[in-house]
Amino acid sequence: MIVDNAIYVDGRRAAEPGTLKETYEAVRERRGVAWIGLYRPTQEEFSSVSEEFGLHDLAVEDATEAHQRPKLERYGGTLFVVLKPARYIDEEERVEFGEIHVFVGDDFVVTVRHSEAPDIGAVRRSLEADPELLRRGPEAILHAIMDRVVDDYMPVVEGLGIDISEIEAEVFGGNPNVSRRIYELSREVIEFQRATEPLRGVLGNVIQDEPTDVDPEVRRYLRDVQDHLLQVTERLAGFRELLQSILSVNLTLSSLAQNEEVKKISAWAAILFAPTLIGTVYGMNFRYMPELHWFFGYPFALVLMVLTSLTLYLVFKRRGWL
Amino acid sequence: MIVDNAIYVDGRRAAEPGTLKETYEAVRERRGVAWIGLYRPTQEEFSSVSEEFGLHDLAVEDATEAHQRPKLERYGGTLFVVLKPARYIDEEERVEFGEIHVFVGDDFVVTVRHSEAPDIGAVRRSLEADPELLRRGPEAILHAIMDRVVDDYMPVVEGLGIDISEIEAEVFGGNPNVSRRIYELSREVIEFQRATEPLRGVLGNVIQDEPTDVDPEVRRYLRDVQDHLLQVTERLAGFRELLQSILSVNLTLSSLAQNEEVKKISAWAAILFAPTLIGTVYGMNFRYMPELHWFFGYPFALVLMVLTSLTLYLVFKRRGWL
Amino acid sequence: MIVDNAIYVDGRRAAEPGTLKETYEAVRERRGVAWIGLYRPTQEEFSSVSEEFGLHDLAVEDATEAHQRPKLERYGGTLFVVLKPARYIDEEERVEFGEIHVFVGDDFVVTVRHSEAPDIGAVRRSLEADPELLRRGPEAILHAIMDRVVDDYMPVVEGLGIDISEIEAEVFGGNPNVSRRIYELSREVIEFQRATEPLRGVLGNVIQDEPTDVDPEVRRYLRDVQDHLLQVTERLAGFRELLQSILSVNLTLSSLAQNEEVKKISAWAAILFAPTLIGTVYGMNFRYMPELHWFFGYPFALVLMVLTSLTLYLVFKRRGWL
Amino acid sequence: MIVDNAIYVDGRRAAEPGTLKETYEAVRERRGVAWIGLYRPTQEEFSSVSEEFGLHDLAVEDATEAHQRPKLERYGGTLFVVLKPARYIDEEERVEFGEIHVFVGDDFVVTVRHSEAPDIGAVRRSLEADPELLRRGPEAILHAIMDRVVDDYMPVVEGLGIDISEIEAEVFGGNPNVSRRIYELSREVIEFQRATEPLRGVLGNVIQDEPTDVDPEVRRYLRDVQDHLLQVTERLAGFRELLQSILSVNLTLSSLAQNEEVKKISAWAAILFAPTLIGTVYGMNFRYMPELHWFFGYPFALVLMVLTSLTLYLVFKRRGWL
Amino acid sequence: MIVDNAIYVDGRRAAEPGTLKETYEAVRERRGVAWIGLYRPTQEEFSSVSEEFGLHDLAVEDATEAHQRPKLERYGGTLFVVLKPARYIDEEERVEFGEIHVFVGDDFVVTVRHSEAPDIGAVRRSLEADPELLRRGPEAILHAIMDRVVDDYMPVVEGLGIDISEIEAEVFGGNPNVSRRIYELSREVIEFQRATEPLRGVLGNVIQDEPTDVDPEVRRYLRDVQDHLLQVTERLAGFRELLQSILSVNLTLSSLAQNEEVKKISAWAAILFAPTLIGTVYGMNFRYMPELHWFFGYPFALVLMVLTSLTLYLVFKRRGWL
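Protein chains in written order, with this note's numbering: chain P, 17 to 338; chain W, 17 to 338; chain Z, 17 to 338; chain S, 17 to 338; chain L, 17 to 338.
Hints were generated in silico from the structure; no laboratory data involved.
Be aware that one or more of the hints could be misleading.
BS3-like cross-link-like pairs, simulated, lysine-lysine; straight-line CA separation at most 25 Å [as the list claims (entries may be wrong)]: (1) P:Lys-280 to L:Lys-333; (2) S:Lys-333 to S:Lys-280; (3) S:Lys-279 to W:Lys-279; (4) L:Lys-279 to S:Lys-279; (5) P:Lys-279 to Z:Lys-280.
Short, incomplete list of chain S residues facing chain L, as computed with Cβ under 8 Å [to be verified]: (6) Tyr-55; (7) Asn-266; (8) Pro-291; (9) Gly-295; (10) Thr-296; (11) Tyr-298; (12) Ala-317.
Built from N, CA and C at the ideal position, the CB exists for glycine as well.
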């Protein structure tokens, strides 16, 4: 699906060709920079674009089927970038990953979105509001998209951070059944790391390895994006460590809880058992047992039982076993 | 065993010599690129090939006995590559590793297969269907084989991923006896890593270090293969971490399960024991015990027993111990 | 808020302009080095500064909102450094992180503080007391601030070290309930590492990558700062390892404590149960049981009970179960 | 002790001087390459050699006392290499490390063996059988010795692999007392890693850093040795990971075994206790208890006891507690 | 305190000036190399030295107060090296760290010792006994001190190794209370690593980065020191891994010990409880219970009790529960 299709001249939206053909012509006549936005394009839609701009077969194959890892590939004069935007779905405590492919040529940008988020339309609007930046060429568009993707990582990281706090509260609040949540969060973090770690290399490549192409200002902006990305990856690495620690802590707490229970149960066993001993004593059949003949022997025994249990109860209470 | 033996001219299968000798002559007369496919060749079969193409003794030794690690070696003008294809055997939850050796010269390729999978014949057929690529020379053949080997890793990774999901389901479903499965899966993943990690260096060497030999297009394709390989190795690294976490989680859950059992058992002990206490009381031999003389004393005692047990049962039930 | 605003000539405080405007003029006329100290400046306060000194938009954006990671960025001739000072709050056993931004130009330094600590005023006073150093230019000011920030890490590290010693004492003193403290200390250490690790790269960049700008003497001083920083990061890494070990040790000790308790409880169960057995024996209804007819049969049985319990008690005592 | 002492000309054993002096003369007159084999030489034996060939004091000191780590040192024109051969002693499940020192000059090789294994005589014989290789100079001899040392690592690795399989069988066969074996095997693997890891650097140095000295063919052979070494070190790293996993698994299984035992014991306690309850009931002293007066009251009670126990037994059996 | 103060000419102790002043003069007149040995110098003592030799303020500050990490700093023509000698205090099982600072100029060496060990006097004597080496200049002195410091690490490593062996013996000998010792040894090893790891970089810098200054022979000797250091650091890394393993093993063994105890206790419970069941049976009040009227009924019951207990004892004995 073609989402948007515009020609930019000097940082301003100059034309909105009705068809891709008109866009191609405009580009061929060097009348400006084209930015074509596609959403899950069909094989046919995409083949038109790829033929016109001479996109490489491998990139085309990658672009029509998702499930790539973040990467940057240079085919002749065209840069092909794969990004993995992320979105935090709060109710499921799950991170959902999307996929965006960006082709950057000398005077065109083609963005291919394979997921709902992020809203590239919003990126386009904010760029159009900053002609100063947009005029710096296709790389500025690439930067804007990367910036959005990385900025959108932040709330995800926050969401995971909140989950970890919740887990901490649960673990230390005495609910050891959070093992599953800890594990699933670990899995989310690992997947998230897989989506963001390779991006460091991608950004590093755009910034450092191609000193000739990229506008120095855009490079500065890209460094800013990289900085935000580092913040994301460093916090994720910290999350991994925290989750591992909390797993150990949870095990220790569960072991301690067992100690407490064993003590509690043993205390109650003693409280129950002591009167039985007394009962057994007065159940003996000796001929000469004075208590048996007392008029208040029976109540005496009962009181003795209750007193023994009560004493034990208080003893255990004071020792913190109950 | 000689599986296939053909001469390619301009990307097309030009001749199928009946014997290796004819192939050698064709190559000597520079009539095209030879591709000889061998399957577990005997010492004699292979010595003919190695003499003709001047293969290095060390490579020959490696090629006739399997059990190599993935590697790339350059002997004079000939490239020697060892690959470890993998196959997932679902019923045994086991990864089976094969071994393929590829010799790449200026105008010949010799493939030596030491395992059933993968089907190099299929690779040959699909390459023959793409003369454009095949014409780019022996490296294109090398790429095609590597591509197949790495593509075949994907279903193995998927299979392992499914196993991990199953294990998760079992662990959280309360079956702690999956320790063995977790361990064996870890072992599979470690072995798989050993088969794939060195391949990164091999591909890196083919792509970067020899800028003069390899066709730029082929290099681009190799980079695509490397990208897929990275996806494999990154997921495997993630699997290792997940399996380690799940081992810890399993230990914690087993500890928690023990807590639950201790509680349950203790509850039943109390339920059984309480009536014993009552029975002991009425088994005492005091002369003056009014209940003993009641007509309904015995039923009264039985009802008392049942009521006590029932009360305890309900108490424990409400506390979640039963 | 403008905290301080002065012009330095030859390492001495030459002027204290009443407004920023006068400062700008002085700088423009190359009359000395300006050092403007700001504390949580408003958008307006800061825009005046940034316009005058041509600070980059990205840096300005960073400077007005805190929550950056330590970094160094070079925008044209201006160096932008983000530092994360730390302060140890003893009563809460918590590390509090601040944020300082420093802009270093050819003849100006702008410091933006976003936290109470550290006292940059003190840094300024001590620098003013050492004109020899201050004369070496804006980098000397940068060094002085970094030096203070890194020196202030030391007491934090000491505080964490003391906490670890306390935890060790508690763990080995038999109080296994320190899991929470261990975990929270781990979290503090991880956060602290996140604040200090990137600074290594920042210092490395200032020292090595820009051989032309920085005065060799200042570089030497920066190397000294880096050395102190390394001491901090190495100790933190050691803390992480110690805390992980102590978590394991705590688990082991909790398991051992359980062993001890099980032994103790079992011993008491035996001591209680043995007289019950005797009581049960003399509660049997055999016609011919000589003891039942002894005049001292009952006291005999009681003494037997007590003796059995006492014997068991002594046996368990000697075996260390009680 | 002088084990062997020969002069090689053109890859063939040309002379066997009766004394070291004759060997020195032959070398001085450039009549061939000398290969002197020593076994735990005394200070005096070695000083003669070291003086003649101008070996460096440091190397001499190293060579007369063992306990070095694998290393390569270049003193002027002489290469000094320390190797740690390994041998697997099956009955003790222990890896024994030896030590070999090799001095390689322009026209001499001195090998100093400090351990029984490996048999350098065999290396010499097989080299003498391949004059083509031997003629390539002293480095070929160095290669042959390294090749033997690394090849001898393989059976050690295999032995450790078999031990791990045995341990796996024991762990999953329900014998948790393998902790000690796991630990000791870990120690062996760590020591083995310490003997083999530095060798990677040694080989890398011989192969890459000295492009002028080494015959390209010998270099190729050394690369083959390095490849085998990598196989060893990769498998050892895998062993470490497996042993760590199996330690965790063992702990989990021990915890699960405890759960099983607690269940089993509790089940038997219930089976034993239920008849006690019945007995206690019929031990009560109520005047009106019909069963007590039945003629078959006693057998009835006994049957009731057995039936209750049997029912409990079957219930627990079906639940898998017994 | 000035410990020693001498002028060396051509490797020989030429003069022993009575005061530092005379030493300064001798150096100024280029009459030889001065080696001044200080022990915890006061601010004043040191300021004389630092002024004379133009030592850098930063180095002076470092030298008068200890607590540095091992490092190498070059201030103009003067090398400043910080070393952390170690000493093993056997009775406390503790590693004590000292500190030595060495200033190396073109024709002077100043050593500042802040700890008892090591005996630099002994280093001086042994150097004076080897004029050949001493003549090679101040770097030879630096080497000799480093050599001594690193050699002194060896007995510390041995001591730690012995401690680990003792711990192993205790752990496998069934004493699980070694957790504390394991932990404290881990802490010692971590501290020791912190003292030795940075030294690798220091030595590497002296050897590699300054190709112009250092005598090649001295460099060779330094490489030997580095080799010994590597042996130390590799063994320490091994110790860390062993201690981590043994911590896990200890936990497992403690868990197994608990299993054994639970079994043992349960067995004794059954042995005690079985006669109680019999006693309860014969305590029932049925009118028709033949055994009650037997003359030998009571002894029969007692024998039955003993036999049951004995049988259970033997059964548990054979099953290995007792």
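Q. Taking the closest Cβ pair, is S:Tyr-55 under 8 Å from chain L?
A. violated, 24 Å
Q: Mind checking the CB of S:Asn-266 against every CB in chain L and telling me if the closest is under 8 Å?
A: holds, 6 Å
**Q.** S:Ala-317 as chain L interface residue, shortest Cβ-Cβ below 8 Å
**A.** Interface hint status for S:Ala-317: holds (6 Å vs cutoff 8 Å).
Q: Sort out whether S:Lys-280 lies within 25 Å of S:Lys-333, counting only the CA atoms.
A: Answer holds: S:Lys-333 to S:Lys-280 is near 10 Å, not above 25 Å.
Q.
Hint S:Tyr-298 vs chain L: min CB-CB distance below 8 Å?
A. With Cβ-Cβ at 4 Å, under 8 Å, it holds.
Q. Do the numbers back the hint for S:Pro-291, that is, is its least Cβ distance to chain L under 8 Å?
A. It holds, given that the least Cβ distance between S:Pro-291 and chain L is near 6 Å, below 8 Å.
**Q.** Minimum beta-carbon distance criterion (8 Å), S:Thr-296 to chain L
**A.** holds, 6 Å
Q.
What's the verdict on L:Lys-279 and S:Lys-279, does the C-alpha distance respect the 25 Å limit or exceed it?
A. Distance ~12 Å between L:Lys-279 and S:Lys-279 Cα, so the pair holds.
Q: Would you mind confirming whether the straight-line C-alpha gap from S:Lys-279 to W:Lys-279 stays at or under 25 Å?
A: OK: S:Lys-279 and W:Lys-279 at ~11 Å, within 25 Å.
Q. Does the nearest C-beta of chain L fall within a distance shorter than 8 Å of the C-beta of S:Gly-295?
A. Holds: closest Cβ of chain L sits about 4 Å from S:Gly-295, inside 8 Å.
Q) Does Z:Lys-280 lie within 25 Å of P:Lys-279 when you go C-alpha to C-alpha? A) Given pair P:Lys-279, Z:Lys-280 holds - Cα atoms ~10 Å apart, limit 25 Å.
Q. Given the proposed pairing of P:Lys-280 with L:Lys-333, does the C-alpha separation stay at or below 25 Å?
A. Status violated; Cα separation ~31 Å.
Hint violations for this structure: numbers 1, 6, all remaining hints satisfied.
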